[in-house]
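Residues per chain are reported as follows:
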Amino acid sequence: MARSQCLLICALLTISATAQDISSTLHQARLFIDQGDFEKALHALEAIKPESKPDPEILYLRGYVLYRLQRLPAAAQELKAALAIDPQHLRSKYILGRIAQSGNNPAEAIRWFEPCASATPPIEDAVQRLGKLYWDTGQFKPARAWTEKAIAATPWDGSLHYRLARIYQQSSEQKLAADEFALSVKAKSADAGAVQKLMECAHLLSANDAAAAGKIRDEFLNGPPLDPDLLVALGATFAGAGQPDQAVDLFKTAAQRDPGSFQANFNLGLALLNVKRTADAVGPLQASLQLAPSSKEANAALALAFVLQDNYKDAVAPLEAASAADPHDKKLAGLLSVAYYRTGAPAKAIPILRNSIQASPDDPRLYFLLMDCLNAAEKQQEALEIADQAVTRFPDLSQAWLGKAQQLARIGRYHDASPLFAKAAALAPDRVEPLLGLAEAQQKDGAYEESLATYQRAIQLNRDVTAVLGAARDLIFLNRLAEARTLLEQSVPEHADSSQLHLELSRVYARIGEKQLAEEQTRIVQQLRTQPE
Amino acid sequence: MSGLKTSIPILCAAAVLPLLFAFQKPAVTPVVYHDATAKSGIRVPIVSGGKQKNYVLEVNGSGVCWLDYNNDGWMDLYLVNGSTLEALQHKPQTAPAEQSYLFRNNGDGTFTDVTRAAGVAATGWGFGCAAADYDNDGNTDLLVTTFGSNILYHNNGNGAFTDVSAKSGLAGDKIWHTGAAFADYDGDGLLDVYIAGYLDFDIAHPELKTCDYRGVKVHACGPLGYKGVPDALYHNNGDGTFTNVTEKAKVTDRPLYFGFSVVFEDLDGDNRPDIFVANDSNPNYFYRNRGDGTFEESAIASGVAYNIDGKEMSSMGVAVGDYDNDGRTDLFVTTFANDNYVLYHNDGNGLFSDVSFPSGVGEPTISFLGWAAFFLDFDNDGLKDLFAANGHVYPEVEGRLGRETYRQPLLLFRNQGHGKFREVGEAAGLRALPPHSARGGAYCDYDNDGDLDIVVSNIDEPPQILRNDGGNSGHWLEMKLIGTRSNRDAIGALVKIRSGELVQWDRVRTGGSYISGNDPRLHFGLGASASADVIEIRWPSGAAETLNNVPANRIVTIKEGTGVVTKP
Chain A
1139 MARSQCLLIC
1149 ALLTISATAQ
1159 DISSTLHQAR
1169 LFIDQGDFEK
1179 ALHALEAIKP
1189 ESKPDPEILY
1199 LRGYVLYRLQ
1209 RLPAAAQELK
1219 AALAIDPQHL
1229 RSKYILGRIA
1239 QSGNNPAEAI
1249 RWFEPCASAT
1259 PPIEDAVQRL
1269 GKLYWDTGQF
1279 KPARAWTEKA
1289 IAATPWDGSL
1299 HYRLARIYQQ
1309 SSEQKLAADE
1319 FALSVKAKSA
1329 DAGAVQKLME
1339 CAHLLSANDA
1349 AAAGKIRDEF
1359 LNGPPLDPDL
1369 LVALGATFAG
1379 AGQPDQAVDL
1389 FKTAAQRDPG
1399 SFQANFNLGL
1409 ALLNVKRTAD
1419 AVGPLQASLQ
1429 LAPSSKEANA
1439 ALALAFVLQD
1449 NYKDAVAPLE
1459 AASAADPHDK
1469 KLAGLLSVAY
1479 YRTGAPAKAI
1489 PILRNSIQAS
1499 PDDPRLYFLL
1509 MDCLNAAEKQ
1519 QEALEIADQA
1529 VTRFPDLSQA
1539 WLGKAQQLAR
1549 IGRYHDASPL
1559 FAKAAALAPD
1569 RVEPLLGLAE
1579 AQQKDGAYEE
1589 SLATYQRAIQ
1599 LNRDVTAVLG
1609 AARDLIFLNR
1619 LAEARTLLEQ
1629 SVPEHADSSQ
1639 LHLELSRVYA
1649 RIGEKQLAEE
1659 QTRIVQQLRT
1669 QPE
Chain B
5 MSGLKTSIPI
15 LCAAAVLPLL
25 FAFQKPAVTP
35 VVYHDATAKS
45 GIRVPIVSGG
55 KQKNYVLEVN
65 GSGVCWLDYN
75 NDGWMDLYLV
85 NGSTLEALQH
95 KPQTAPAEQS
105 YLFRNNGDGT
115 FTDVTRAAGV
125 AATGWGFGCA
135 AADYDNDGNT
145 DLLVTTFGSN
155 ILYHNNGNGA
165 FTDVSAKSGL
175 AGDKIWHTGA
185 AFADYDGDGL
195 LDVYIAGYLD
205 FDIAHPELKT
215 CDYRGVKVHA
225 CGPLGYKGVP
235 DALYHNNGDG
245 TFTNVTEKAK
255 VTDRPLYFGF
265 SVVFEDLDGD
275 NRPDIFVAND
285 SNPNYFYRNR
295 GDGTFEESAI
305 ASGVAYNIDG
315 KEMSSMGVAV
325 GDYDNDGRTD
335 LFVTTFANDN
345 YVLYHNDGNG
355 LFSDVSFPSG
365 VGEPTISFLG
375 WAAFFLDFDN
385 DGLKDLFAAN
395 GHVYPEVEGR
405 LGRETYRQPL
415 LLFRNQGHGK
425 FREVGEAAGL
435 RALPPHSARG
445 GAYCDYDNDG
455 DLDIVVSNID
465 EPPQILRNDG
475 GNSGHWLEMK
485 LIGTRSNRDA
495 IGALVKIRSG
505 ELVQWDRVRT
515 GGSYISGNDP
525 RLHFGLGASA
535 SADVIEIRWP
545 SGAAETLNNV
555 PANRIVTIKE
565 GTGVVTKP
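First to last, the sequence lines map onto chains A and B.
Using my numbering, the first residue of the first sequence is number 1139, and each one after it goes up by one.
Using my numbering, the first residue of the second sequence is number 5, and each one after it goes up by one.
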């Protein structure tokens, strides 16, 4: 026998013998695990380690045993090693999810549980856990989907019904919420008495019996301390019934009792937003985001709190986070675009709005906002193209014609803009803006008589200073100085701070030879223009 | 079309010999501007700091002036040059001192650099210029404004100049001076001077700023954020000296606006030179001459402080001329990008209306940033057309703001009559020229062929000489006026010329454009008329003079009280 053949046979015999040893050792280790003797199981599994090639099952078992022994970092290391060899090893992922969950790392836990819950059949209780994690982090849509799936698997679990009821309540589906609460009561998994009252309160509110509902609310607030979650549930009941002012204290008490409750903080912020206490809403919403940074709803609510205070700068980050969580949310995309536009970053808004228009081509507001952003980004020609599209798609909308006309005026094409302003004015005869645009376009085109007539129409709608100034300029062009004087002098009391009004008045006085009056108006112009803003 | 020096007769007497009939071309000949820079021999780059433009001092460029310094009948060219911060900070090891240039017109389309011999190098950081015979000795003198003291060069009459700045009293403070213009504001027969001041820039400790311009980070921020420096009016004492009469004449620039281009012109029809100052980022000034040695500022009531919307503009250059032949001088102001250039129609009595858009000059100018500007009848049809030189101040915008580029094309608006203009740069060959970031500029019939040529000063590049070919297919008449009782350059003289139905007005003036000086001779296109039926001159002294049946297509010299003369 050649030496090389001998070596090969020896090697095969060795492997065969080793495989046999591993199999028996694994069997032994599993027996220890079943008996709950994890130390022994670990000892057995460690015996395999030095003399074998890496096997995902062995690594998983070792990880599992270490997890049960609460040696979590070591467990995670073994489980990740198992996944490195077999990326589809779902049980390793499940345990990693449990480790992440116990380490208060919900985002990572969700990432591990997702494939486990989606598997057929699902791994362990991954579905239920996933539903809870989404709920805890304020991601109501997936929370609902996974909780419904979990209930389908374990319809006897009252806590699941209770959670689903809360999710329904959050999305204002009161009937479904009531059914689920009823089921949860049946399952006796929550404080049956409190939940009964909660249901009763919902009933009272729907019957417009605010006094009786208020009594229950007072009992919840002033009675023996209840589970904060029940306070949140009652608060949500009031908020859902259109009484957010009645919900604020319930949420606030819940948040004080359980500062780690996302639901309490988030709902408190939301209720404060609803009662227009936007500045007060910021704190609780920020607290909720510390607990669940990726919550679309909390990010969106916080952004709204900033926007309502005209603070677009601070709104950008939460809007970006919310939009990242749900890129298809049209409203969020629109608000983020506005925030970009208002904070001097229109270029960032442009691709978002283009995508939004592709997804929702029938929403004219998106076209108008995109035009604003393109103009702010110095892309006037592209803005004109969008204005064209808007006019084609919304021919009956005055704003579309106005948008295109304004776009043309912006680049100095007043002559082309005139008929479009006229069309916009015809479609919305009560609006002053198209008339002002038309009048200016006519004036810039040298059609002073027509411009004057249009400004006069605008003045009849609204004695806006712009219209008065425009009409006065036309009258000066037409050398109808007495009329210009009367118009301007009559307008001074109403618009005394308008330097432009005084400027035109000085021009009129100069033209009619009232030199002193002209000088006086000039002085007023200079005073008004040197005053700090 | 270029002329030949040897073919040009000495300016003629009553017979006023025609120049060359060969200049007369069929009326159908299109008018095209050709780049004659290479042939001219003028290759000197105009320096304005570094290419990066980190400071406001570096972005405004400089002016040009046409003058016949040697009285040979051919207009010579003075090019004001800038400098660098390093040179001004006295770091000669890193930057040589820059100089301005005087080019003598050889009469054959070429020029010769005579700066050294003439002694007009004006080292330092030059900005504007104005040429005039301030001492009435028959030789054109030269004023150069700088970032520092002004320089007055007295023309010795022998091809050389003497720096008389200190003695003259025109040097002024060491501040940033820009536009300048000569005129006899008080009717004493002596040319006075108005000099604009821009802003207070600390050359020793320049602050590197960064600001946002329409989303683009730029460094040459300003003028807003800086303190302005004052304008000044100097009265000519008649002994070679000037006295600062700013306060006395009531033209004190109290708000310290950022002054650029200046022009004296009778804008209210009272036969007295008023003053218009184009101010950057501030309202313009319009000082009306009260006839008692004082002025009153009335830009707001007159309608020239702002544009039609009552907005102050960044006025850079100013064109002055009667574009609608109504006998009243109109104004055209170049402005910053995204503001249209403004055409002010003179409605009489010093009252103006902004007619930019109805006239057709509004829309095409919105995206441009304008500097030099002047009315000129480039096609000799008897209607004054408009030229504007353009270029951005921020190199950083190139390629980032759509139509708003650093290098910009030249604009030429043809006067179509009835107050309407049409931009014809394409047809006139201007679009075929590579764009530059232009600043100063002035027109001149430098080849004496009867049509108006143009020089443009380009920042960081050599200037461009644009020769008008075909403009002289229409008849024309050019005239050099010599004052006797009036100042010798006849600055302020008003000429009314009638040829058939066509009546035109123009005035001898300095200043205007963008801190530059046009050909001091008056040019009239006569269209199909082979002669001027009547020429009426109102001299600054108040004397009036009438000439009848003056044949077209020639340059005539007219002396106050004498009429057409052969020798000045």
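Hints are computed from structural coordinates only; laboratory data are not their basis.
One or more of the hints may lead you astray.
[As the list claims (entries may be wrong)] Distance condition first, Cα-Cα at most 30 Å in a straight line; then the derived BS3-like pairs of lysine-lysine:
#1 A/K1451 <-> B/K213
#2 B/K252 <-> A/K1653
#3 A/K1313 <-> A/K1287
#4 B/K95 <-> A/K1561
#5 B/K424 <-> A/K1486
#6 B/K315 <-> A/K1517
#7 B/K315 <-> A/K1653
#8 A/K1451 <-> B/K424
#9 A/K1414 <-> A/K1468
#10 B/K252 <-> A/K1517
#11 B/K221 <-> A/K1561
Cross-check of the supplied hints:
1. A/K1451 <-> B/K213: Satisfied, since the Cα-Cα distance of roughly 24 Å is no more than 30 Å.
2. B/K252 <-> A/K1653: 22 Å, holds
3. A/K1313 <-> A/K1287: With Cα atoms ~19 Å apart, A/K1313 and A/K1287 stay inside 30 Å; holds.
4. B/K95 <-> A/K1561: The hint is violated at about 65 Å.
5. B/K424 <-> A/K1486: Violated, at roughly 42 Å.
6. B/K315 <-> A/K1517: Given pair B/K315, A/K1517 holds - Cα atoms ~24 Å apart, limit 30 Å.
7. B/K315 <-> A/K1653: 23 Å, holds
8. A/K1451 <-> B/K424: Violated. A/K1451 to B/K424 sits at ~48 Å, over the 30 Å cutoff.
9. A/K1414 <-> A/K1468: 24 Å, holds
10. B/K252 <-> A/K1517: Violated. B/K252 to A/K1517 sits at ~51 Å, over the 30 Å cutoff.
11. B/K221 <-> A/K1561: With Cα atoms ~40 Å apart, B/K221 and A/K1561 exceed 30 Å; violated.
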